[in-house]
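Chain F: place on chain P using the hints.
Chains P and F, in that order, are what the protein sequence lines are.
Mapping of the first sequence onto the working numbering: residues 1 to 259, in sequence order.
Mapping of the second sequence onto the working numbering: residues 1001 to 1259, in sequence order.
Just so you know, the hints here were simulated from the structure itself, not pulled from any lab data.
Ideal Cβ placement from N, Cα and C applies to all residues, glycine included.
One or more of the hints may lead you astray.
[As the list claims (entries may be wrong)] On the chain F side, residues computed to face chain P include the following (Cβ under 8 Å):
#, residue
1, ARG1029
2, ALA1033
3, THR1096
4, LYS1098
5, TYR1154
6, TYR1188
[Unchecked claim] As a list, the in silico DSBU-like pairs of lysine-lysine whose alpha-carbon atoms are at most 35 Å apart:
#, chain 1, residue 1, chain 2, residue 2
7, P, LYS179, F, LYS1179
8, F, LYS1255, F, LYS1207
9, F, LYS1164, P, LYS207
10, F, LYS1037, P, LYS164
11, P, LYS37, F, LYS1207
12, P, LYS179, F, LYS1037
13, F, LYS1255, P, LYS37
14, F, LYS1179, F, LYS1164
15, F, LYS1179, P, LYS164
16, F, LYS1207, F, LYS1164
17, F, LYS1164, F, LYS1255
18, P, LYS164, F, LYS1164
19, F, LYS1255, F, LYS1179
20, F, LYS1164, P, LYS37
21, P, LYS164, F, LYS1207
22, F, LYS1255, P, LYS164
23, F, LYS1164, P, LYS255
Given next are the chains, with one letter for each unit.
Protein chains: 2
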Amino acid sequence: MSTPVTADHVALAHRLADASGAIIRRYFRTHVAVDDKSDASPVTIADREAERAIRDLIAAAAPDHGIIGEEWGSERADAEWVWVLDPIDGTKSFITGKPSFGTLIALAHRGRSVLGIVDQPITGERWIGGVGHPASLNGTPVRVRACPDLRDAYLYATEPEMFKGSDQDAFERLTARVKMRRYGADCYAYALLASGFVDLVCECNLKVHDHAAVSAVIEAAGGVVTAWDGAALGLSTNVCVLAAGDRRAHAAAMKALAG
Amino acid sequence: MSTPVTADHVALAHRLADASGAIIRRYFRTHVAVDDKSDASPVTIADREAERAIRDLIAAAAPDHGIIGEEWGSERADAEWVWVLDPIDGTKSFITGKPSFGTLIALAHRGRSVLGIVDQPITGERWIGGVGHPASLNGTPVRVRACPDLRDAYLYATEPEMFKGSDQDAFERLTARVKMRRYGADCYAYALLASGFVDLVCECNLKVHDHAAVSAVIEAAGGVVTAWDGAALGLSTNVCVLAAGDRRAHAAAMKALAG
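Chain P extracted, bound-state conformation (with noise of 0.2 Å):
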């Protein structure tokens, strides 16, 4: 059965990323106070503000939807639908003026994420794809590209830190076996893996909020993106993520990962 993603709900996710980019633009490089939170994470006024404008917009267009938000809690995550929203996916990016960060909007559909945006407010730059839906970069087709050997891969992570003990031997075993390893392009680095620049994302700890957006979007473009056991994301949280625009490099990286 296909997920009846509707005009409507594109149409709205556009105008959830639009409000958020908004409030981004208005706090980017202005010295905004950062808080960290109860996890030692940084959040500032602008990934407040963004979020609580995105969920006010959804509670007035689509009141039964469900929201989780990374700021501002669930309401009703049981709901057919279910928006999962990062107003700032690298709120260390942001707080220091660097504009990889993004806003990431899904909408999952009884538990699996059907539409996604990674909204990047300071470029200038939108993706969004989802099922039935062709992933585009402001209105232009994207398609992953074809990376049959690992040994050709050009691999993201947002930072060295969030592997520890045995994942970070997992990821030191990958990594060996790809042509190149970079940190800290947040989501930025989902969507260059979705636009075909990038081959493999991997990382660990990441939250439903981290997922959600980046998978269907990079779907949507023809790539695949799991837990590093090859299990469905649906809205896990606390998981470690394998992208990759290939399914044979996909498949290669589970096998290293798993030792």
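Below, chain F alone, put in the same frame as chain P:
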């Protein structure tokens, strides 16, 4: 004696960045072929053409000036005035479609970098600064920020792989004491330091074309850039570099690096 950076020098520097930017924009996200240089770092036709265009403009406008370029080597490196060029600093970012790379153009007078440009041709950001030429971003003045205490410092480095042996130990000693450590910003991290959003950049194995332009911009923005032991960089190469917006953070970081 003040160094006679003239309006003509500044105008020529802008023309060089205009020319390289036009070439780089043409190749950005176009799947250019990537060659491995003898040091295993990647290079593309965009790197080579951009530096060629810059060199041709210098040869026409200032034939007595020397040139030290990453891709096409040195000419008259003992001249009174020497241009130091890195057409694409951050080629790994460039080839993966991530606009944190930059074109670095420095003018050195008698072995000292006195004018620098950091140009990001995709986001359209150009930092310039030098002796007697206050730092600016697209014409708007920029300034480093105060950071008296290492514990509040946001630190960037390009990649962990640049630190080996005792340098890695020193880097770990320093970064254990800062608020936040991030990778992957290339020369953009130095520009963000000049703009007052980053407090420290700490790197190793930098060539003269990696540090000459960013040093001039940061010093013109009120910051300080030296070798790890505090020595003036001059036109040294294969050097470990410490940049700071605040002299107090610089002194404390030097101490942490020394152990």
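Now for the hints, and whether the structure bears them out:
no.: 1; hint: ARG1029; in the structure: holds (6 Å)
no.: 2; hint: ALA1033; in the structure: violated (13 Å)
no.: 3; hint: THR1096; in the structure: holds (5 Å)
no.: 4; hint: LYS1098; in the structure: holds (6 Å)
no.: 5; hint: TYR1154; in the structure: holds (5 Å)
no.: 6; hint: TYR1188; in the structure: holds (7 Å)
no.: 7; hint: P/LYS179 <-> F/LYS1179; in the structure: holds (31 Å)
no.: 8; hint: F/LYS1255 <-> F/LYS1207; in the structure: holds (23 Å)
no.: 9; hint: F/LYS1164 <-> P/LYS207; in the structure: holds (33 Å)
no.: 10; hint: F/LYS1037 <-> P/LYS164; in the structure: holds (33 Å)
no.: 11; hint: P/LYS37 <-> F/LYS1207; in the structure: violated (39 Å)
no.: 12; hint: P/LYS179 <-> F/LYS1037; in the structure: holds (14 Å)
no.: 13; hint: F/LYS1255 <-> P/LYS37; in the structure: holds (30 Å)
no.: 14; hint: F/LYS1179 <-> F/LYS1164; in the structure: holds (23 Å)
no.: 15; hint: F/LYS1179 <-> P/LYS164; in the structure: holds (20 Å)
no.: 16; hint: F/LYS1207 <-> F/LYS1164; in the structure: holds (16 Å)
no.: 17; hint: F/LYS1164 <-> F/LYS1255; in the structure: holds (19 Å)
no.: 18; hint: P/LYS164 <-> F/LYS1164; in the structure: holds (21 Å)
no.: 19; hint: F/LYS1255 <-> F/LYS1179; in the structure: holds (17 Å)
no.: 20; hint: F/LYS1164 <-> P/LYS37; in the structure: holds (34 Å)
no.: 21; hint: P/LYS164 <-> F/LYS1207; in the structure: holds (33 Å)
no.: 22; hint: F/LYS1255 <-> P/LYS164; in the structure: holds (29 Å)
no.: 23; hint: F/LYS1164 <-> P/LYS255; in the structure: holds (29 Å)
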